[in-house]
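Enquirer: Read off the chains here:
Number of protein chains: 2
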Amino acid sequence: MSNPNKNIQLNCPIRKSDYPNIVMAHGGGGRLMHQLIEKIFMRAFQNPQLEAKHDGATIEIGKGKLVFTTDSYVVSPLFFPGGDIGMLAVNGTVNDLAMCGALPLYLSAGFIIEEGLPIETLWKIALSMRQAADKASVKIVTGDTKVVDKGKGDGLYINTAGVGVIEHHLYIHPSKIKPGDVAAINGDIGRHGIAVMAEREGFSFETKIESDCAPLADSVMKLIGSTAEVHCLRDLTRGGLATALVEIAKTSGLHIKINEKAVPVCEGVQGACEILGFDPMYIANEGRYVAFVPEKDAEKALKAMRSDTTGADSVIIARVTDQKSGLVTLKSRIGAQRIVDMLSGEQMPRIC
Amino acid sequence: MSNPNKNIQLNCPIRKSDYPNIVMAHGGGGRLMHQLIEKIFMRAFQNPQLEAKHDGATIEIGKGKLVFTTDSYVVSPLFFPGGDIGMLAVNGTVNDLAMCGALPLYLSAGFIIEEGLPIETLWKIALSMRQAADKASVKIVTGDTKVVDKGKGDGLYINTAGVGVIEHHLYIHPSKIKPGDVAAINGDIGRHGIAVMAEREGFSFETKIESDCAPLADSVMKLIGSTAEVHCLRDLTRGGLATALVEIAKTSGLHIKINEKAVPVCEGVQGACEILGFDPMYIANEGRYVAFVPEKDAEKALKAMRSDTTGADSVIIARVTDQKSGLVTLKSRIGAQRIVDMLSGEQMPRIC
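Taken in order, these protein sequences are the chains called A and B. Going by the working numbering, the first residue of the first sequence is number 1, and it counts up by one from there. Going by the working numbering, the first residue of the second sequence is number 1001, and it counts up by one from there.
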């Protein structure tokens, strides 16, 4: 192959002495996934939008400022308490647009179907996507269908891409957080991951945990409309709250201090985590996000977030200090401080 | 599930007495795929953009007219003579934008990777995508990575979605073709399908057939710039030339007459088709398209198409009559007429 661009090296940037082959953790949201994205995709594709490392790319067309994003969904099983792959595929992409401060408008849907999937199952999932799209006020306007041989898929994978429009003058990005900012969360963490895991493994807990999967654009629009000065938004998907905050701390170079006592975890999730040996801070959510605002705007932000159905229990869980460490630390319930990092392995595969 | 919309039925629109489960032909571009799209996805999602049945959706944002499209790529094997899944994933989506008359600008890329794929393979494919993106003057600005367990994928599936902009006043659509129009093709047919099939099955033919995979936006922009009155464009992917023309005839309600003698097929493809029992009219291409223009503009159109590297052998292969049959007929080399229809089974799985 001729060199497509002199700035791009031709040799694989991940040495064979590292992981030579893809492992599950490359999709888990932790350290290996970040390495893969930075060393393979960002180095090959190289452009400012990718380097912004946001949930979506801001693109300017004519006089309009749009956001463009994509996610594939490979959750197993296809149906889980509180949702299914179709609902997830709509909300996940809607939420990525919302986290860039965009009003979600249009989605595409690409289906990779394994031979043998009952058509009735596909219909149920398509209906669920329609229902989710209506709820999020987006339209699924274009699509594609591929079929792969039995044993070369897992029922159904869905990709959605989304286009939204930015209708305000804020630049919402991890690099915009400032010392003194507080981070608000719109509810308790860990429901989605535990719901999917329990369904897949056949665990049953005393309280049935349902996924928190929900569209977050309304909440974000209310927050922006509240005139709180929104610096950064991030939804807490793969890798959970911990990973999201670590990413933001790294990008901003600032120090984020979590107050563990303030982080809402429901009894059911807490119990399941204790039994299974998981840390709720790393469990995926599909309807939770953090918003960074100046402390002076904290009450305004909480009020706006609480006014949405997805955020009745919104609360401040962390603050940004003026230390230039790029680290996240957690003050535990018993008062001890520890550094919070990304996971290097995979805690819970295929939850989205 | 509550009814998301009173206009949508809740029962699966494909009866169990038909195919109750997905078969490979549901992804083959023929009759079953069309049934699946119309009865499942179009009925569930219901909106004018989908009902336009175009290669992409035209969306208006602010004062801009954009096109949004998506395709997943599941080609097997990942590398084939003349291309690879990465190059295909860029060109395929670029071409869908071009067929709507849009200038391609931005792509997203979603990777579903099977555990065990060598990272070096992923790097090669990412580089190939970059090279294809540079050639097509598009940027890959956002992406996603998922990993599935060994045995639940086939190395790598890629989804790309694309955004382009319409900078002219033409409305290019199958419904716009008119009696008296001629259809020009930009070269010989069948190379991509035969190249992939030969590589996968280990066939070797006297002449090695390479895929025709190429970006078509430059050719389309030259065609539009020529001031030929472009009525409809369609790239000849799954289902080949025959299926593309059948779709256009159905949508327009007009009769399209193909002159078989005029359809370019190279000796190698012709020979391979004879040995394997395929009809080149149904073989997938990834760098070929048809353009419908009024007969008076035929020479102008051919000149523009021939001026691009993808179209040196552009030629007129069909014409639209004033019969309102919605059918395609073919005048064979020996002068006989026959009706051309979509395939009901699957001729060649997983070629894109």
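Errors might be hidden in some of the hints.
[To be verified] Covered stretches of chain A, going by a simulated chain B footprint (3 or more residues, C-beta under 8 angstroms):
hint, region
1, 99-105
2, 149-159
[What the hints assert, rightly or not] Here are the simulated SDA-like pairs of lysine to any residue, each with C-alpha atoms no more than 20 angstroms apart in a straight line:
hint, chain 1, residue 1, chain 2, residue 2
3, A, 63, B, 1121
4, A, 39, B, 1061
5, A, 65, B, 1121
[Claimed, not checked] Pair by pair, the computed Cβ-Cβ distance ranges are:
hint, chain 1, residue 1, chain 2, residue 2, range
6, A, 18, B, 1009, 46 to 54 angstroms
7, A, 341, B, 1150, 23 to 31 angstroms
8, A, 19, B, 1275, 52 to 60 angstroms
9, A, 20, B, 1253, 51 to 59 angstroms
10, B, 1325, A, 20, 36 to 44 angstroms
Keep in mind the hints are simulated off the structure, nothing from the lab. These numbers come from a predicted model, not from an experiment. Where a beta carbon is used, it is the ideal one built from N, C-alpha and C, also for glycine.
Enquirer: Looking only at beta-carbon atoms, does the pair residue 341/A, residue 1150/B fall within the given range of 23 to 31 angstroms?
Expert: The hint (23 to 31 angstroms, Cβ to Cβ) holds, given that residue 341/A and residue 1150/B are roughly 28 angstroms apart.
Enquirer: Confirm or reject the coverage of the region 99-105 of chain A by chain B under the rule of 3 or more residues with a beta carbon closer than 8 angstroms to the chain's beta carbons.
Expert: Since three or more residues must qualify, the claim that chain B covers the region 99-105 of chain A is violated, with 1 doing so at under 8 angstroms.
Enquirer: Are at least 3 residues of the region 149-159 of chain A within less than 8 angstroms of chain B when you compare beta carbons?
Expert: Result for this restraint: holds, n = 7.
Enquirer: For the hint 52 to 60 angstroms, verify it against the beta carbon of residue 19/A and that of residue 1275/B.
Expert: 43 angstroms, violated
Enquirer: Is 46 to 54 angstroms a correct range for the gap between the Cβ atoms of residue 18/A and residue 1009/B?
Expert: 53 angstroms, holds
Enquirer: CA of residue 39/A to CA of residue 1061/B, is that 20 angstroms or under?
Expert: 35 angstroms, violated
Enquirer: Quick one: are residue 20/A and residue 1253/B within 51 to 59 angstroms, going by C-beta?
Expert: Since residue 20/A and residue 1253/B have Cβ atoms about 57 angstroms apart, the given range 51 to 59 angstroms holds.
Enquirer: Sort out whether residue 1121/B lies within 20 angstroms of residue 65/A, counting only the CA atoms.
Expert: 36 angstroms, violated
Enquirer: Is the straight-line distance between the alpha-carbon of residue 63/A and that of residue 1121/B 20 angstroms or less?
Expert: Judged against 20 angstroms, a Cα distance of about 40 angstroms means the pair is violated.
Enquirer: Does the beta carbon distance between residue 1325/B and residue 20/A stay inside 36 to 44 angstroms, or does it fall outside?
Expert: 59 angstroms, violated
Violation of the numbered hints given earlier is confined to hints 1, 3, 4, 5, 8, 10; the remaining hints are satisfied by the structure.
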